[in-house]
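Chains A and B, in that order, are what the protein sequence lines are.
Taking the numbering used here as reference, the numbering of the first sequence is continuous, increasing by one, and the terminal residue is 330.
Taking the numbering used here as reference, the numbering of the second sequence is continuous, increasing by one, and the terminal residue is 456.
Take the hints with a grain of salt, since some may be wrong.
To be verified - Derived coverage of chain B by chain A (criterion: at least 3 residues anywhere in the stretch with Cβ under 8 Å from a Cβ of chain A; other residues may be distant):
| # | region |
| --- | --- |
| 1 | 287–296 |
| 2 | 302–308 |
| 3 | 314–325 |
| 4 | 339–350 |
Honestly, the hints are just simulated from the structure, not real lab data.
Cβ coordinates follow ideal geometry from the N, Cα and C atoms, glycine included.
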Amino acid sequence: MLTMALYISNQAGLRYLAGDISGGNARCIAMLEAFQESIKDYSTPPEKALIRDLTAKINCYVSFLIECRPLSISMGNAIRFLKTRIVKLPLTLSESEAKATLLSDIDRFINEKIILADKVIVRHAVTKIRDGDVLLTYGSSSAVEMICLHAHDIGKQFRVVVVDSRPKLEGRLLLHRLVRKGITCTYTHINAVSYIMHEVNRVFLGASSVLSNGTVYSRVGTACVAMVAHQFHVPVLICCEAYKFYERVQLDSICSNELGDPDAISKVPGRKEINYLDDWANRENLQLLNLIYDATPSDYVSMIITDYGMIPPTSVPVIVREYRKEHLWI
Amino acid sequence: MPDTHALVNEFVIKLKKRKVEGSKATAKLTAELLRSVISQQRIPHTNQAVALIDAIKSVGEQLIAANPVERDGDKVTAAKVQGFMRTGGVGLWEEATGGREKEREDGDSFGELAVGNIVRRVLHIIREEDLSLTTAAIGGLSLSAVSDDEDDVEQDGHPVLSAAAVAAAARSTLRPPSLQTLLEDLPHSAAAPPTSSSGGDSDGKSKSADKSSRSRKLKHNVIEAVNELIQDIATCHEQIAEQAVEHIHQNEVILTLGSSITVIEFLCAAKEKKRSFRVFVAEGAPRYQGHVLAKELVARGLQTTVITDSAVFAMISRVNMVIVGAHAVMANGGIIAPVGLNMVALAAQRHAVPFVVLAGIHKLCPLYPHNPEVLLNELKSPSELLDFGEFSDCLDFGSGTGYPLLHVVNPAFDYVPPKLVSLFITDTGGHNASYMYRLIADYYSADDFVVQRRPS
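With the sequences and hints as input, model every part of the structure.
Okay, here's the thing in structure tokens:
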């Protein structure tokens with residue numbers, strides 16, 4: 001038991017904590033793989049039923065993960081999937097058979113719902129890139145990165161504007177990877193988005209989740225970029241795998257948000273002269289607020305590209321409904 | 001005059017090196033410089049106003065040419081233009097002359113604002129003082145005419161009338177258009193020479209003893225008025241701050257971006273009147289003036305929360321009012337403001353949050369913006385955004401075509417269109433954006449809108 005908990009912590013929890021793994025898909029895959037490992041090590045204690053006991057164990061791991069960093073909605077969906085699979089296990093199966101079924105279920109989830117879904121999204125999205133286009137993206141989304149790389153591979157001529165924001169500056173990493181592949185890039189910060197939007201044809205954004213009222217829940221700043229794009233009549237395309245859709249609704253960005261480290265705001269790496277807020281903890285009037293996500297209203301979104309095709313934000317509840325059915329069938 | 005030349009040159013160099021910070025300081029220094037130019041200007045007996053106006057115009061042209069859009073509170077004298085970062089070549093942070101820049105060089109509106117505003121204000125002052133002296137002189141003339149020879153009233157009547165008409169015409173060129181001036185405007189106005197020559201005309205008529213006293217008087221009056229202007233610039237934020245209580249109410253939440261002394265004074269004035277409220281400060285990357293502002297506000301005892309720029313949209317739903325400073329206010333009511341404010345203004349509009357701009361009257365610019373995002377902007381050094389060291393490892397991956405793969409854009413200003421501005425608070429009170437054109441007519445004369453003469 002202890003070894004399993006340790007494994008989870010090493011594999012996923014502590015790496016989340018350190019920020020090693022970020023991005024909805026990466027976190028979700030890391031978590032599922034950790035679960036796989038713990039299921040492999042699992043043996044039902046005497047006088048206990050596998051279904052009950054394993055569910056309890058999973059709950060215990062999940063609460064540990066939440067301690068490290070609040071779960072993303074994609075992770076919540078994956079956990080729900082795993083739990084339904086455990087509950088639905090036929091009682092007749094032996095322990096080893098049950099474990100094998102669960103392991104293959106998790107594998108299928110990772111392959112079908114994440115890896116394959118991304119491939120489908122890339123195939124759809126590439127049709128929306130024309131030669132000479134200027135694409136804009138914000139932060140670092142794995143789906144958007146794959147789209148850019150694929151479009152570049154098939155010989156499309158385009159330019160990418162990478163908009164970045166403090167404190168994470170994830171856009172720099174994306175910029176590194178795109179420039180390395182030979183894609184022409186423009187880099188700027190989120191304040192300058194109104195300046196750069198004049199030259200942009202398409203905005204591609206990733207999402208942490210899409211809620212069933214069409215609200216896109218994503219990295220903080222996405223709403224600003226979508227708003228400015230909307231103002232300039234530039235289409236906003238959200239790339240999001242359907243397993244991240246969520247039936248909850250939300251209108252505002254502050255509820256159920258995640259708080260980042262306030263120190264990240266006061267410290268500006270590479271700019272030592274900016275140290276005005278270094279002693280912020282000692283000043284009771286001063287607070288630093290580091291939100292992680294925000295909610296983009298659905299009217300800023302032109303289209304959501306998912307593994308089920310390209311849909312308007314109003315169709316999200318349909319996908320959520322159908323997807324839930326499918327879960328039961330797997 | 002060698003003295004003024006030296007002063008002007010010194011100021012021009014300061015402007016070029018960007019040693020003058022902020023539009024307020026620039027405005028004050030410009031006004032002081034122009035005052036000393038006026039006081040040292042030798043004035044002929046006739047056409048004094050013309051001589052003064054010409055002197056100020058020539059100095060003004062030099063200053064405007066020297067001064068790109070002044071920068072706010074930033075000492076780095078880095079490359080002002082778009083830097084191209086080459087990943088495959090030797091030239092790394094290069095100044096490049098892209099198409100945009102060419103457009104900017106052609107546009108003559110670039111590089112005026114505070115300096116140009118003050119030059120125009122001083123020109124307007126000279127015209128006004130001259131006019132008031134002229135009308136006074138005419139009044140005196142007609143009075144004396146009436147008292148001296150009452151029998152010749154009919155004969156004298158004509159020249160007095162025409163002089164009055166000339167004065168009225170002159171006034172109509174200075175005064176903003178109104179129904180009264182339109183009606184006053186007689187057919188003479190078309191043929192009427194501008195103010196200055198009318199001054200000359202009446203000079204010729206007046207007695208020679210009067211002349212010297214008048215010439216001194218014009219100069220004296222103008223310097224008095226310029227002193228008043230300097231005083232106004234110095235005290236403008238106090239006058240703006242006085243209005244704070246009318247706008248900030250108990251328990252409100254205020255959002256601001258950028259660092260403006262006017263905003264600090266405004267917020268603190270409300271705080272001193274025992275209003276308790278909370279201020280959200282967006283940090284304003286990559287210049288991080290929000291950090292400076294937050295430190296100042298906290299030192300003055302305000303409840304302050306610093307947020308990232310990207311969280312503006314998320315937080316604006318909890319905000320009652322956005323209060324910001326502007327770099328310049330254009331004639332259509334649009335503002336040139338620290339970069340990021342257009343985004344804030346859009347978010348505020350979306351959530352029906354009032355977007356209030358604080359601006360001293362010296363920031364009012366009588367020009368209508370054309371493509372302001374480019375022409376009235378300034379692109380700063382890319383090093384504020386990306387450290388070259390981080391990208392040195394990409395060098396081997398350069399395309400080898402000589403075309404830069406990576407392009408870093410770091411503009412300093414944003415243009416916020418008038419429809420996004422809910423209210424302007426100036427030292428003369430609150431105004432709607434649509435009223436700016438009228439304020440301009442109060443402070444500037446239409447003849448001075450274009451200070452720079454294009455070489456023909």
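Given that the region 314–325 of chain B was listed as covered by chain A, double-check it with a C-beta distance under 8 Å for 3 or more residues. Holds: 4 residues of the region 314–325 of chain B have a Cβ under 8 Å from chain A.
Test coverage of the region 302–308 of chain B by chain A using CB-CB distances below 8 Å; three residues minimum. holds (count 7)
The region 339–350 of chain B covered by chain A? Criterion: 3 or more residues, Cβ-Cβ distance below 8 Å. Our answer is that it holds, as 7 residues pass the Cβ test (under 8 Å) against chain A, meeting three.
Mind taking a look at whether chain A covers the region 287–296 of chain B? Criterion is 3 or more residues with CB to CB distance under 8 Å. holds (count 5)
Violation of the numbered hints given earlier is absent; every hint is satisfied by the structure.
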